Amino acid sequence: MKRAFPILAVLTALLLVYAFYQALWVAPTDALQGDVYRIIYYHVPSAWTAFLLFFINFIASVQYLANARPSTARAARWIVIAIGIIGFVAPFIPQVKQQLPTGMYPSSVATTFLIITGLYFVIGKYFVDQDLDVLAVTTAEVGVVFCSIVLVTGPIWARPVWGIWWAPGDIRLTSTLVLWLIYVSYLVLRRFSDSAQTQKLAAVLAVFGALDVPLVYFSIWFFRTQHPQPVIGGGGSMDPRMLHVLLISWMAFLCFAFLVCWSRYRLEKLRREVEEAEALESLLEPAGLAGPSSAVKTPLSRGSK
Amino acid sequence: MNSIKFLYAAYIATWLIHSLYIGSLVRRYGRLRQQMKDLGRGK
Amino acid sequence: MRSFWSIALSTLTKDIRLEWRSKDALNAMLFFSLLVVVIFVFSFDPLAEESRHIVGGLVWVAFLFAAVVALNQTWARELRNQVLDAYRVSPAPANALFLAKAIGNFILVSLLEALMAPLFVIFYNLRVLGPAWQLIPVTLLGTWALVVNGTFFAAMSLRTRSRELMLPLLLFPVSIPAVISMVAATTSILTGDDPAHFYIVLLLTYDVVFTTACLALFETVLQAE
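Chains as they are written, first to last, in the numbering used here: chain A, 1 to 305; chain B, 1 to 43; chain C, 1 to 225.
Excised from the complex, chain A in its bound form (with noise of 0.2 Å):
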């Protein structure tokens, strides 16, 4: 596996530069934008593989809690199936497909959710336990960096476009930086809580945080109703030649985010072993059986027993 790594760093730095090429040069200029709208394609996939990244963390988040005991895991199972044969279902019935948003296929909201219980089923399968909790920090970390450069790149984006950083009626912007702070709420309560159950508080964290999430676009939705904001990013379709390009720096971000989410797990597997060996040696240390050498570097300890 570990010598995969560097073939697939050489693969994904040759498709971010493709895309880079393709986002520059091949993408058509925007009628109305002019250049400056080729922000988008760094923009928009990050924040798709932020919000994918979130999702993954909610998802090992609430197994890691279900799987405490045999009898909530198969209760979460089951939910997540029920949610997945609904979700399946439902776009097709007309009274359901009239209240979908224009544009969105009913096809596709099939497919996401279907997408959704087969990530927890695979999740489940290769994550057990521990893992889970190693893949919940690594894809909160990862997905609030990707988040960071979407917070960045929105208002550079807005500025010369429409005058103004930062609208507080724009939605997509203002959710993603509520999921941001949520988010970094979560690494600091990792990196301040020392309790031995530091990872079931994060879980419960992530689940508080993703039941938000809703409730934060509906607020900022309301409240955009009453006072009327420009809209950044357009509605409506695109050319599908912008969208081809967008697709391509899509791939390349997320090749990109997998091998940092891969770098990232290792680490903290590594980590978390080292910091097992330690805790082991200064158990075994007053004792004088941590080894040979130390015999030579604490001759105290053979006495202190």
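Derived from the structure by calculation, the hints contain no laboratory data. Everything numeric in this text was worked out from a predicted model, so none of it was measured. Even glycine gets a Cβ: it sits at the ideal position worked out from N, Cα and C. Check the hints yourself; a few may be wrong.
Quick list of in silico lysine to aspartate or glutamate cross-link-like pairs, EDC-like style, CA-CA up to 20 Å [said to hold, decoys possible]:
| no. | chain 1 | residue 1 | chain 2 | residue 2 |
| --- | --- | --- | --- | --- |
| 1 | B | Lys37 | A | Glu268 |
| 2 | A | Lys269 | A | Asp131 |
| 3 | B | Lys37 | A | Glu275 |
| 4 | B | Lys37 | A | Glu285 |
| 5 | B | Lys5 | A | Asp30 |
| 6 | B | Lys37 | A | Glu281 |
| 7 | B | Lys37 | A | Glu276 |
| 8 | B | Lys5 | A | Glu285 |
A few chain C residues facing chain A, derived, Cβ under 10 Å [what the hints assert, rightly or not]:
| no. | residue |
| --- | --- |
| 9 | Phe172 |
| 10 | Pro177 |
| 11 | Asp194 |
| 12 | Ala224 |
Beta-carbon label-pair distances, calculated as ranges [as the list claims (entries may be wrong)]:
| no. | chain 1 | residue 1 | chain 2 | residue 2 | range |
| --- | --- | --- | --- | --- | --- |
| 13 | C | Pro195 | A | Asp30 | 32 to 40 Å |
| 14 | A | Arg159 | B | Trp15 | 14 to 22 Å |
| 15 | A | Ser71 | C | Arg80 | 47 to 55 Å |
| 16 | C | Leu165 | A | Trp165 | 27 to 35 Å |
| 17 | C | Ile107 | B | Asn2 | 57 to 65 Å |
| 18 | C | Leu111 | A | Ser107 | 49 to 57 Å |
| 19 | B | Trp15 | C | Ala86 | 51 to 59 Å |
| 20 | A | Leu100 | C | Leu129 | 20 to 28 Å |
| 21 | A | Ala277 | C | Ala86 | 45 to 53 Å |
Please build the complex by placing chains B and C on the supplied structure of chain A, with the hints as guidance.
Chains B and C only, in chain A's frame:
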């Protein structure tokens, strides 16, 4: 054409943030490797 | 179910009785609330034309500061006397304790708000142009939103470094939709410009969702040692 500066700024900012993060990962790896070496020597 | 409510009630009355016997903390909090209002009055000119538009925000920010001060001492007494350990090993349902603490905090914060609100009315010469009675559900739901999550995060912060800093750090991001709703609703009612119904419904939804989440997950947090 002043607005093109914002495009450069956005792209540079993106890679700056990514480099800072990857840099911190490298630094943490280094520190861990040092700790492992200390453990091996029996501290 | 009967024992759940009797446990919650007895814990609540015990807390109120203890707090009432030594009113030091309570008096300090009341004075702090007064100070916050005064600072705001000096920072944001009450005579300005737009004052009615921003007072909604000022009032709730002031309430938020007072709430954080009140919430920070939620578990202090329990921590001092190892009550939490006793609770952990007892068969009593953990969320009965949580509910008692949350209701106790709700009463305390409401008391602070009852002091601060008239001061705002006086200093800012407030006249309510919209349906004034709607301020009651907004205040009740908004205060509960802050208090229920605040009590929960206070428990989560117990074993962290910088405990008093951790509470607002965790509370503020999650409370943002509630704060938006409270402030927007209050401003709507004060200015009479727009209806506040949607925000009140959103606050109610927020309260239901997070009260359920807190009750469901408090056991997990309490067991975290």
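Okay, which hints does this one fail, numbers in order?
8, 15, 20, 21
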